[in-house]
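**Student:** All chains should be modelled from the sequences, with the hints used to inform the complete structure.
Residue strings, one per chain:
2 protein chains.
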Amino acid sequence: VSYSVTTPASPVLAATDKVALLIGNMHYLHHKQLQAPVVDVHALGALLRQLDFKVVSLLDLRKAEMQMAVDEFLLLLDKGVYAGLLYYAGHGYENFGNSFMVPIDAPSAYTSEHCLCVQRVLREMQQRRTGLNIFLLDMCRKRNLNDDIIPQVGALEVTANIVFGYATCADAEAYELSQGELSNGIFVTFLKRWLLEDEKITVLLDKVAEDMGTLEITRGRQALELRSNLSERRALTDPIRPPRQDESSARNLQWAKAHVLPESRHLCFDCGVTVQLGFAAEFSNIMIIYTRVVAAPKDITKCEARLTDIPEELDVDIKCTNKESPEDLGSPLVPVWSLSCPSCCLYSRICGLQKLRQELAFTVCLQYRYQGMDDFVEERQRVNVGRPLIAKLNLQ
Amino acid sequence: VSYSVTTPASPVLAATDKVALLIGNMHYLHHKQLQAPVVDVHALGALLRQLDFKVVSLLDLRKAEMQMAVDEFLLLLDKGVYAGLLYYAGHGYENFGNSFMVPIDAPSAYTSEHCLCVQRVLREMQQRRTGLNIFLLDMCRKRNLNDDIIPQVGALEVTANIVFGYATCADAEAYELSQGELSNGIFVTFLKRWLLEDEKITVLLDKVAEDMGTLEITRGRQALELRSNLSERRALTDPIRPPRQDESSARNLQWAKAHVLPESRHLCFDCGVTVQLGFAAEFSNIMIIYTRVVAAPKDITKCEARLTDIPEELDVDIKCTNKESPEDLGSPLVPVWSLSCPSCCLYSRICGLQKLRQELAFTVCLQYRYQGMDDFVEERQRVNVGRPLIAKLNLQ
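If you're matching them up, the sequences are chains A and B in order. The numbers in the UniProt record's numbering rise by one with no breaks, and the one at position 298 of the first sequence is 298. The numbers in the UniProt record's numbering rise by one with no breaks, and the one at position 161 of the second sequence is 161.
Just so you know, these hints were derived from the structure itself, not from any lab. Where hints are given, some of them may not hold.
Since the list gives no way to pick out one identical chain from another, each pair is judged satisfied if it fits inside one copy or across any two copies.
[As the list claims (entries may be wrong)] With a straight-line Cα cutoff of 20 Å, these simulated EDC-like cross-link-like pairs (lysine to aspartate or glutamate) come out:
| hint | residue 1 | residue 2 |
| --- | --- | --- |
| 1 | K207 | E197 |
| 2 | K142 | E157 |
| 3 | K207 | E232 |
| 4 | K32 | E173 |
Quantities reported herein were computed from a predicted structural model and do not represent experimental measurements.
**Tutor:** Following this line, the structure appears as structure tokens:
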């Protein structure tokens, strides 16, 4: 066997596409609630979009929903050279060399049966012939003593394009900081300082590790672990090469589905009031709906348009509907979208859009009062806004 | 909790000492023989010595010997900040996230009981408070289906100073090249091109990975995997800081033991012949002994000094004793040491010095012929050279 040991000139590396799936689990049914994932997923999503990634970001998923989300993600990775990035923030554990992501509906004594195995996802990504597979796992890696199941994940291929960034070492925990609602976890705090750098992804993560190492409070408790078999100098900043005909259209179609917000619309009521119905997205499965009275007859003095009859399968907290100020919704991300919303609205935050079993229909209930009258009058209008955002993908 | 996110000025990083244990297993009793470890271990040892590493290099170890070698290595790592580097070339496997090194006496169906667990060694290194732990594993990482034992290695600490360089990916094999005796395996071929660079060890290994990725024949079969949780910018080139009083003396003493060659000496025989007995080291457990007639009475025409009665516990192949040219010893490393040996000698290669149960004693058998006589005359002299090299450490 003869071989050459000269280093060839580096080719210009490009992705045929760049897609990312970001999942943050916070509101566990049977486990400690987490604070940081909402901010972490959002911060990372915003940065990745700047790097031309197509980002699907989802908060608070159950087992079946996580599985469906991953399956849809894999569809995005179909055909050709990709940069596939999976970020997960939430509870997790590591047994026998395999990493498990814990869905929000995991029972109190969960095993691998209740969780998603990262290495299994990796195998499926490899089967898609991806060009670069990145896993950023922002979770604990302690052993789960409830779980004695030996994972039977098949052997991985030698694709030499897999990079893991673990928020912490094997057997260790990943920490959140208690700095108020808007603070990132430790990992993303440092990751976001470097993510836009034009560096090979391994070099970038190594710099994050070094940076994180300067933090005194986590010394001896949390340290970034990098695993890589990447043989090429691939970076998140690599350009996306122009698609060959028809190549990316299916992919883009699939992708586009998950990001369609309903169009803003005006509802005309019999009493002469016009209500604007507007939408904003916090995540691919969390939508803000706001209502605003834009026109009313002069003899109507007080007038409000409230959302009601929202499908019961959605996570709609009564505390998060028809609020007079965005801040009242209790979301740490309000500052991010509230500037682009009109004021003098009622705001509602609709979570868990992946659970929608049919098109999203609700009632806009107009309550108004004529000048000089004491009683409120009510007028209702049923609205159907189709399948917004991730609901389009039918993750059932 | 408040914390600072400013990056402090990098301190000058230094090691209190730099030590390396290199093990190469080739001559398996029940498994395929390997070719490259002898050259790989030697090449790496030579480079590490250039970087001021204290290198113990051992070839062909049985289970108990490997364990003893590791234990001695750990003693070298006692107290303070170190750069501990363990290189292993030989058969290996990976089960449930743990890596196992296979000793040469492993039975045909071996399990983890017959092998050394790398993660166990790592834990022991951590307990020594080492400053940098580097593992370079040049072995297969396929699953061992004979072995269903779940390793019960305790949890690792978060020392943020562990770096693994795997010659290949999980589930994959590491290859040798068939390029003649003097060729390195794939991993060391590329590693040695970068090892002297003044780079953070993670950056260095990442460059090796990229370089290795250019090799066509191993594409899809072998790719370097890097694992690191190193939070500081530590490099193999970091200086060794001057020891505080008494601090490194025990360490140096321990270390020095394993590297003492017997002193060259002259043996005077009754017949008037003087024989020089000289020594060279190939590895810490492989020694070359050469004999050379330096003076003889004029009436002695033919005269040879042969080694015999070598302790039976040593691996002394009759094919490797009393050879007229170094090349006849069949060691690929002959070119390395033969230049510094005198010519007109008889050369013997003594392997497995770790097995020596007492001091190394042998007989030098002088065979000579007087001018005009047909018969050879024999004169014997018993020689004791103490415990050379690794034998000093009593790895029994």
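**Student:** Each hint needs a verdict: does it hold in this structure or not?
**Tutor:** Right, here's what the structure says about each hint:
no. : hint          : verdict
1   : K207 <-> E197 : both (10 Å within a copy, 19 Å between copies)
2   : K142 <-> E157 : between (26 Å within a copy, 11 Å between copies)
3   : K207 <-> E232 : both (18 Å within a copy, 10 Å between copies)
4   : K32 <-> E173  : within (14 Å within a copy, 42 Å between copies)
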